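Peer 1: The listed protein sequences correspond, in order, to chains A and B. Note that the working numbering gives residue 108 to position 108 of the first sequence, counting from 1, and the numbers run on in steps of one. Note that the working numbering gives residue 1097 to position 97 of the second sequence, counting from 1, and the numbers run on in steps of one.
It is worth saying that the hints were derived from the structure and are not from the lab. This list has only true hints and no planted wrong ones.
Here are a few chain A residues that sit away from chain B, every Cβ distance over 10 Å (derived from the structure):
(1) LEU123
(2) TYR127
(3) ASP129
(4) GLN130
(5) THR136
(6) ALA141
(7) ILE151
(8) PHE160
(9) GLN175
(10) LYS177
(11) GLY184
(12) TRP192
(13) LEU239
(14) ILE257
(15) LEU284
One-sided and incomplete, this derived list gives chain B residues near chain A with beta-carbon spacing under 10 Å:
(16) LEU1085
(17) PHE1146
(18) LEU1153
(19) LEU1282
(20) VAL1325
Since the model is a prediction, treat every value here as computed from it, not as a measurement. Each residue gets a CB set at the ideal place from its N, CA and C atoms; glycine is no exception.
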Amino acid sequence: MHLSTFLQVIVNGLLIGGVYALVSVGLTLLFGVVDIVNFAHGEFLMLGMYTTYWAWYAMGMDPILTLVISMPVMFLVGAVVQKFLFKYIMGAPALTQIFLTVGLQFVLQNGALMVFGPQLRKLKTGYSDQAVHLGTVNVSAPQLIAFAITITLSVLLFLFLSRTDLGKAMKAAQQDKHTAALIGINTDRIFWIAAGISAALTGAAGTAISTYTPVAPTSGAAFGLMAYITVILGSLGNLKGAVVGGLILGLAESFGIQYISADAGKLLSFSIFILVMLVRPQGLFATKESV
Amino acid sequence: MDLSRLAKEQTAATVPITAPVDRAGRIGITNPRLYVPVIGLILMILLPLAVNDAYYLNILNLMLLFAAVGVAWNLLGGYARQVSLGHGIFFGIGAYTSTLMQIHWDITPWVGMLAGGLLAVVVGFVIGLGVFRLRGHYFAISTIAFSTIVMLLFVKFYTVTGGAQGLSVPLKNSFWMLQFDGKLPYYYIFLAVMLLMVVVARLIEKSRLGYYMIAMGQDEQAARAIGINIPRVKHTALAISAFCTAIIGTLYVQYMYFVEPAGIFSVPMSVEFALVSIVGGLGTVFGPVLGAFIMKPIVTLTNDYLGNVLPGLNYTIYGVILILVIVLRPNGLIGPVSTGYRYLLAKLPGYKADGKGGTKI
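Please model the complete structure; the sequences and the hints are all you need to start from.
Peer 2: Below is the structure:
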């Protein structure tokens, strides 16, 4: 085993994992505060990707700068969906939530097909195919940017939840909705804001991904699947769990590709997921009883 | 409540409102409770002869097939409330086992489907060991993870499975090889299998196992507290459901002549098995049948008539229906249909209540 290969595998794994973490933060926040697992999460990501694509296409904006558009747009989408749809299934059994949001997934994915058509749309930027060289290790520029966005947004989210009144109210609602309402927190407002922030984070992930992945109505689905696995691995609702879970899955994928075979990356990461579930049925960072 | 009063009420509830049907307790053919289903069955048998058009016959065939697999899914997902999104695994094992046995050893799919069914039971047992400790979202997403792993394994070990390109069923038209020229013979086979599944579901529903499954599905901790062996009930329900799903998988591949990992083990395939039960009614015998009879024609017809005009419209409509059903009728559409059916029966000549407290469909 060459040291340089090993380092490259680690770096690739962290970069892939960083994207999984970024995609998962919004999903786990939504569950943590609002108690909903959104099976249309991949489609929220897809909407974020389209927002970036059209902002780049129509206005010639740098894709990363389009964060100032994709995040507010997706905030609105998340808040509206919470107010008109998710509100009715809060506290419903997992089965109800799964199939209502699967219905939403059908609507969003095929709605995008109707509006945008089936063709793959590819962004072109100066750095799409660039790599940064650190000694013998090559780092893909767009994935590095995605990684930086993950770190930045995670830190900002953490600060928001721990330092601001709104963030603290959100944490209170996460821990106990009824008591939070009793001490005067407007939980309804907290829920739509949390759903908005969750979707905005997902929109940011879409922006980051669109710099190196073609945009199409089905582009979000594969990332959505990785996000579900990630948040379950790191325990639903746990932000740290989503980040660590994403990195574990990314590293497993990278090691599988290098040391087993080119088609064994996902096989290894999914197998590790199953093994963890066998040992810890409530994920790595289980805190509250999950039913 | 006073216990003696409760006991009295219970006795009262079991006393027939009108006189029982005959001395042996059988229902006569003059009673609509018997003649309406018989007429329905005769109509189902005559229907394809009246349709006599390959396009519409195909839709009918898919309706029956998905109704059958929906009933199989519903045994585990509906009655026992173990929401599997990985039933494509068993469906695919059924399809692949019979096809590989035909290709390599020339073995008839009538035998292959049993082999596939047994293999699905074994695989289901192993998966069950992994997922039955999990609850809610953890369970559902882990079943998705398993079906993704199975799909990746089928792609990776292509020397055995044919890999990502998939497998074709060798062409040999004969009843013995479960292959036919037109679509009509398939209709009768699928109809028979669907009716068989309905009978199986009905028998299980009324069995000790069925009561255990329903109790567990409603409240697992309470069911455990009254002494139900939870892991055993879950594994038994999964074994029956997986076996039936695999057999229908063999029928599917004999009808389609082709199977590929990305299609059969995909999340949308497994989700569709569950959807017919959700739309029709979870944990009811005829719920999945109703769901398949509503959803399958809607998707196919909207796709064929609107697909070229506006691709995506068909599944958008599908999604909207799903959302509306879950928000407005969380128990599925079987409730009003069942009430309507009973109302109709009561209006027909010769109607007599059976004294068992009404018909359940």
